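In the order they appear, the protein sequences are chains A, B, C, D, E and F. The first sequence: position 28 = 32 (our numbering), numbered continuously. The second sequence: position 26 = 30 (our numbering), numbered continuously. The third sequence: position 17 = 21 (our numbering), numbered continuously. The fourth sequence: position 115 = 119 (our numbering), numbered continuously. The fifth sequence: position 22 = 26 (our numbering), numbered continuously. The sixth sequence: position 59 = 63 (our numbering), numbered continuously.
If you are wondering where the hints come from, they were derived from the structure by calculation, not from laboratory data. Check before you lean on any hint, since a few could be wrong.
For the chain B half of the interface with chain C, some residues (derived, Cβ under 8 Å), not all of them [said to hold, decoys possible]: (1) 25; (2) 27; (3) 31; (4) 32; (5) 40; (6) 43; (7) 44; (8) 45; (9) 86; (10) 94.
Since we're looking at a predicted model, the values are computed, not measured. Even for Gly, the Cβ is constructed at its ideal location relative to N, Cα and C.
There are 6 protein chains.
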Amino acid sequence: MRAYLGRRYRLSASHRLFCASLSEAENQKVYGKCANPYGHGHNYTVEVMVGGEIDGATGMVCDLTELDGLVEREVMEPFDHQNLNTLEGFRAAVPTTENLLLEIRRRLERALPRRLTLAVRVEETSNNFFEYWDEDSEMR
Amino acid sequence: MRAYLGRRYRLSASHRLFCASLSEAENQKVYGKCANPYGHGHNYTVEVMVGGEIDGATGMVCDLTELDGLVEREVMEPFDHQNLNTLEGFRAAVPTTENLLLEIRRRLERALPRRLTLAVRVEETSNNFFEYWDEDSEMR
Amino acid sequence: MRAYLGRRYRLSASHRLFCASLSEAENQKVYGKCANPYGHGHNYTVEVMVGGEIDGATGMVCDLTELDGLVEREVMEPFDHQNLNTLEGFRAAVPTTENLLLEIRRRLERALPRRLTLAVRVEETSNNFFEYWDEDSEMR
Amino acid sequence: MRAYLGRRYRLSASHRLFCASLSEAENQKVYGKCANPYGHGHNYTVEVMVGGEIDGATGMVCDLTELDGLVEREVMEPFDHQNLNTLEGFRAAVPTTENLLLEIRRRLERALPRRLTLAVRVEETSNNFFEYWDEDSEMR
Amino acid sequence: MRAYLGRRYRLSASHRLFCASLSEAENQKVYGKCANPYGHGHNYTVEVMVGGEIDGATGMVCDLTELDGLVEREVMEPFDHQNLNTLEGFRAAVPTTENLLLEIRRRLERALPRRLTLAVRVEETSNNFFEYWDEDSEMR
Amino acid sequence: MRAYLGRRYRLSASHRLFCASLSEAENQKVYGKCANPYGHGHNYTVEVMVGGEIDGATGMVCDLTELDGLVEREVMEPFDHQNLNTLEGFRAAVPTTENLLLEIRRRLERALPRRLTLAVRVEETSNNFFEYWDEDSEMR
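Using the sequences and the hints given, assemble the complete structure.
Next up, the structure:
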């Protein structure tokens, strides 16, 4: 039997939305006050959902200590209490929450055991959230 | 890369659940206290989720100002602070949250740019919610 | 030892804010879209907080079954799934949440055993709430 | 037109995670403090989502009184305010939330009318949740 | 200038409400299903609020690392993932949330630096909470 | 009759906690990762509570449009989507949430009509909040 386990992690970071290939006026139009020169920040909620067989002996989809360690290393350490614009992963990409989501997913997918499928959701505020899943995955 | 952006909007409205083709007793059985003669109301949360390609330059799925304007015009103006039973869209349909959801979806689908897919969720109370998505859509 | 027990109850009701002694324009100015002619509604959260001695044997401030019964009779039955404007208690008073709070408090205070003190809080939406407590009470 | 109705139910239960076929040390490694000898507990939120055609007359996916009655009988009565380890359903299975989810789903699926599809989600804490859906179902 | 800092901690525990000096029938009447023989459990939220002068240099009411360490030692270690009925502090007192609140407060008050005032709130479920503060305190 | 109206506003800002009169090591000890050189950010919730007489005609404590305008001017415009460290109000004070709270309160108190009393609460994350009220006020 397969089931899906979701787990929420919280991180605080700052960013400024600004695209160097657009003019000042275009940046203002696209990002509004998110383009303010000195940046602002958010409490992001990262929801990691993994799918897999329930182990017949332990009754669990995966080892939580391992999952937490993996998220600590791949998500919390690089992004928590950071200014996203200063990070390696956002050298070429504007640190929108869409791009933060892709970056988090890329890191988790690389680190997660093959037997587990993955979906990631990032909430930027209580009114805004972003999701991603594989097109050929059974996970939505 | 495709991603999905969800955004929550809140509106307050009143309704009375009553079906003219059913007897008084049947209405009472089907709708319970929701059939009380003078109506009651809810704070509805409307969750609009759009899917699309992340723009390589801006790092965004869609322009938020445009999405907010579209929802303001198609959802907030017609439904917020209204008595649903008095509205055009509920002349032939009981204003259950299922029918409100369909009505909201119909309006958003008509107004949304073709390149974006759509899912809608309406919460009626903190314990009750309703969802809809296309059967052939990759969105759930 | 005294302690304070708070308990949340949820009710859905509709209202229209309109004051007969004000002109149409003044109503519009004071109440905005809350003065829309056919009304609208909310999911109200009523938080009832009672203070008293912790019973040495049972370890409880009060009997929850009794408190729930009292709130059912004094708050849920008269107000849940109703149009506030049609009720006796709002014949002379506009059914703002301030006045709903006072009405709920009046009823609970009359019904509550003397040994318990009372504070009431009503949330109208997730962004709006109202509180009342006695000026000479130790409860805030 | 099909739509999906979700409804939340809350229950409080206790459990101890311990697998008899594993050594004491292995139990400690797999379950951590969840293996503490006298157990602990949670407020579980059970989210039941049913999909079906919206009835043309009533405007509803299903009769809520019937759904609530069914959940009361199949979920609340057997599991609410219980110690999961003492129950029939967990004689052979460790009462992890994964297994509680499967048990709840098995019971609801057996009792639900054929015309409705089902998805179940159980939240164990505000940071942990579990989902299940049929592989060949259109519901996710 | 004085201000008040509140901080939320979450713990999971089980309990059975049963008073040895009452008859079986009285226990049933007072505690209802909370008296079920094998117990049940909750996710408790413990809100610790401390008041004090804002330090002119650091801009803080107190050192958060110290506060967290103190709560870890006085609240999380003794109560998290435990069966309250088996603990020293509830040998003579029924482990109602009122008594858990008093026990937590007693421990924190003993451990907190003299210059800080204290209020404690414990939520048992999303609908039930308990508070305590000193009668002569300026904190409510 | 007096009552109290609370209203929640949300703003996003970034800050770095660093006190120039302390050494690098002391900053690290006091603020931990909040002292990271490029800053981080939060979604702050500002809860403004005003107390006053309920107007006999309108049934309201105060004009909401006026209150919202006042908060927009005194709180949202100066602080939303800003880097707090770059603002005038934090030239001499570290932008801790304690100091942000005092700054918000100072501005609101100056702008609020004399007949209304004031309490302010700022939530920094879902686990951290700060409150302030006058020592001689009846509001807590």
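Hint by hint, here is what the structure shows:
Nearest Cβ of chain C to the Cβ of residue 25 of chain B: about 22 Å, over the 8 Å cut. The hint is violated. Interface restraint check for residue 27 of chain B: the shortest CB-CB distance to chain C comes to about 20 Å, outside 8 Å, so the restraint is violated. Because the beta carbon of residue 31 of chain B sits about 14 Å from the nearest beta carbon in chain C, more than 8 Å, this interface hint is broken. For the restraint placing residue 32 of chain B at the interface with chain C, the shortest Cβ-Cβ distance is roughly 13 Å, beyond the 8 Å limit, so the hint is violated.
Checking residue 40 of chain B against chain C by beta carbon gives a least distance of about 5 Å; that is within 8 Å, so the hint holds. Satisfaction of the interface hint for residue 43 of chain B is found here, the shortest Cβ-Cβ separation to chain C being roughly 5 Å, below the 8 Å cut-off. With a cut of 8 Å, the hint placing residue 44 of chain B at the interface with chain C holds, because the nearest CB-to-CB distance is about 4 Å. Among the interface hints, the one on residue 45 of chain B holds; its C-beta lies about 1 Å from the nearest C-beta in chain C, closer than the 8 Å criterion.
Taken as an interface hint, residue 86 of chain B checks out: its beta carbon lies about 6 Å from the nearest beta carbon of chain C, inside 8 Å. The interface hint given for residue 94 of chain B is violated, since its Cβ lies 12 Å from the closest Cβ of chain C, which is over the 8 Å cut-off.
In the structure shown, a violation is registered for the earlier hints numbered 1, 2, 3, 4 and 10, in ascending order.
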